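*Asks:* Required output: the full structure, derived from the provided sequences and hints.
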Amino acid sequence: MILLKRFSALLLAFVLLASACTSTKSGFEKYSYEFLGAFDTMIQFIGYAQSKEQFENFVTKGRNRFFELHKLYDIYNSYEGINNIKTINDNAGIKPVEVRQEIIDIIVFSKEWHKKTGSKVNIALGPVLAIWHRFREEANKDPSAARLPDIEQLKKASEKTDISKVEVDEAKKTVYLREPGMSLDVGAVAKGFATEIVAKELADAGFQSFIISSGGNVRAVGKPMDNRSKWGIGIQDPNSASGVQDYANLDTVFVDDTSMVTSGDYQRYYVVNGQMIHHLIDPSTLMPANYYRAVTIMTKDSGVADFLSSAAFLLPYDKSRALVESMEGAEALWIMPDGTIKATDAMKKAMKKLGGARNN
Amino acid sequence: MFFKLKAGDIAVAALIIAIAAANLAIFMHSSEGSATALIIKNGKVVQKLKLDDINKRIEIEYKDKHNILIAAEHGRIRFEKSDCPDQVCVRTGWLSRPGQTAACVPGGIIIKIQGEDSDTDIILK
Amino acid sequence: MKKVALSGILVSMAIILAYVERIFPVGLIVPLPGIKLGLANIITLFALFYMDVKSAFTINILRCFIASMLFGSITSFIFSVSGAVAALAVMALLKAGYGRYFSIIGISIGGSAAHNIAQIFMASLVLKSTAVFAYLTVLLAASLATGLLTAAVCGSVLAHIDKLKL
Chain A
390 MILLKRFSAL
400 LLAFVLLASA
410 CTSTKSGFEK
420 YSYEFLGAFD
430 TMIQFIGYAQ
440 SKEQFENFVT
450 KGRNRFFELH
460 KLYDIYNSYE
470 GINNIKTIND
480 NAGIKPVEVR
490 QEIIDIIVFS
500 KEWHKKTGSK
510 VNIALGPVLA
520 IWHRFREEAN
530 KDPSAARLPD
540 IEQLKKASEK
550 TDISKVEVDE
560 AKKTVYLREP
570 GMSLDVGAVA
580 KGFATEIVAK
590 ELADAGFQSF
600 IISSGGNVRA
610 VGKPMDNRSK
620 WGIGIQDPNS
630 ASGVQDYANL
640 DTVFVDDTSM
650 VTSGDYQRYY
660 VVNGQMIHHL
670 IDPSTLMPAN
680 YYRAVTIMTK
690 DSGVADFLSS
700 AAFLLPYDKS
710 RALVESMEGA
720 EALWIMPDGT
730 IKATDAMKKA
740 MKKLGGARNN
Chain B
-4 MFFKLKAGDI
6 AVAALIIAIA
16 AANLAIFMHS
26 SEGSATALII
36 KNGKVVQKLK
46 LDDINKRIEI
56 EYKDKHNILI
66 AAEHGRIRFE
76 KSDCPDQVCV
86 RTGWLSRPGQ
96 TAACVPGGII
106 IKIQGEDSDT
116 DIILK
Chain C
4 MKKVALSGIL
14 VSMAIILAYV
24 ERIFPVGLIV
34 PLPGIKLGLA
44 NIITLFALFY
54 MDVKSAFTIN
64 ILRCFIASML
74 FGSITSFIFS
84 VSGAVAALAV
94 MALLKAGYGR
104 YFSIIGISIG
114 GSAAHNIAQI
124 FMASLVLKST
134 AVFAYLTVLL
144 AASLATGLLT
154 AAVCGSVLAH
164 IDKLKL
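Residue numbers (the numbering used here), protein chains in the order written: chain A, 390 to 749; chain B, -4 to 120; chain C, 4 to 169.
Treat the hints with caution; some may be incorrect.
Result set (DSS-like, lysine-lysine): computed pairs, CA atoms no more than 30 Å apart in a straight line [claimed, not checked]:
1) A:Lys554 - A:Lys484
2) B:Lys1 - C:Lys5
3) A:Lys419 - B:Lys39
4) A:Lys545 - A:Lys500
5) C:Lys57 - B:Lys(-1)
6) A:Lys475 - B:Lys60
7) A:Lys475 - A:Lys450
Simulated from the structure, these hints should not be mistaken for laboratory data. Predicted model, so just to flag it, every value in this text is computed and none were measured.
*Replies:* See below:
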């Protein structure tokens, strides 16, 4: 009996010790922060940290980096003392511009992936996209003035979009657009590319469990520091984004340590004669592509995911699916114009309504 | 002799059923009644609205870089009108569930529903 | 010394029950890792009737500790200890009125319900969320069933022992 008593006392000590251990392990709290002003979108950080100060340290670092990258990849504004993409555009046909490594990296990346993904996503499409941008902004200011750009005007602009005339000298760190009138527009890749840079730097700095969301780009690092083993990413239903209905999620996808990027027709658009004219332009027709409402790509690197989602959106379904399936580690979800959903196998497995679970 | 049912047994079972029912009632009530919307301007919360306490439609106007009208009704809130050039805010539609957000980037305003969804960390849009 | 031997046997039986419990897919209804139906309550109830509160307590703690070491985690240990202690406390209390106010059935379902309430309380503390209470109603309904089962098993074993005059 004495033995039993001693043993139970020992066990009690164990219990106390065990509960002390759990409280430090679950000493992580979930925080969130959102800000505007970089990449023309809202950027959100959601993460687990041991204190609010720790979270704020990481987030401030990330936010500053986003602002810095925004300036580098900006095509509309110049900044004192910085050569950015606009500087390159302003010097088209004039001279090579010396730029920072982040700009060299994104251009080399975009040229390489242009070739790999069926030549649909072209960062040299600037002259064409600038016309569409102007028409969209005018229409949203005054819907009665909404109209389509003249096709001849678009064709003329498209003569200055040869990506092979974008010259990068990696040794001298210069970029040169060989013809006057050429211009770069990194809109299809910049947010994802920047998000990947920030995510990597924060992970290296010791942030283990967080999500960065930057307008259609979600980068999840690690796992949530609670009892779940996966993050839950909601996929928006394009039909709920009309501004009339309550907005709703199509489904939730359970993932860890990956990126998800959506290219959709339902946010940046204007309306001409009842037709939605969105911002994802097919370089071969110079018009918006209408194969899908949205395409979501899941793959580890956020820059790749962003680029692939644009490419997959601009290709018809059989080619789009073949492209995704040829990329190792990439999964996709297509929302067709009639609302039907197609998805690759591993994507289906991660989706809640199709039986994906957050603990496995 | 062990199984001879006594009055207390019925009382215990009744108590358990009562606790179960009360828990269900409390949970159903609280899960629909706690959405709080935050309006965030230049990084600061400028308005807090308990959406379920709203019985009459509320309109809030911001005149700064752009003229923006936010409308709130019982249980939901949205950017109703904006004269900004991209209109993404208006197109986001009504927000009602915890974790949902909408932003007017040119106008510098974010609407966010406070709280946590049980299994969705973020919405990809 | 006989008591120690019996305790040992009961602990090992409880661990087997903990293992059996893993086969029940509770996770399908209540997706919280570590939540148990509480079949090991059979042992607690038996110990309470055949031995005493102290022995029942010791057996409880021991079996939770060993079962978690074998096929659980720290979280499941905390869940099972809190569940087991709460169940024992309620059953010991109800047993004071045994024969007069309660039969083994009332004592058993009371313990089973206490087990589940305690687990949900711990889960809400560990997860820092009250959302887990959504599952309490389902678990309480289940506790009526497991309570009856526990009473049936335990009661017939005790009846047999009585007959054998052990």
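*Asks:* If a hint holds in the structure, say so; if it does not, say that too.
*Replies:* Results for each hint:
no.	hint	verdict
1	A:Lys554 - A:Lys484	13 Å, holds
2	B:Lys1 - C:Lys5	33 Å, violated
3	A:Lys419 - B:Lys39	20 Å, holds
4	A:Lys545 - A:Lys500	23 Å, holds
5	C:Lys57 - B:Lys(-1)	26 Å, holds
6	A:Lys475 - B:Lys60	24 Å, holds
7	A:Lys475 - A:Lys450	25 Å, holds
Going through the hint list in order, the structure does not satisfy hint 2, though it satisfies all others.
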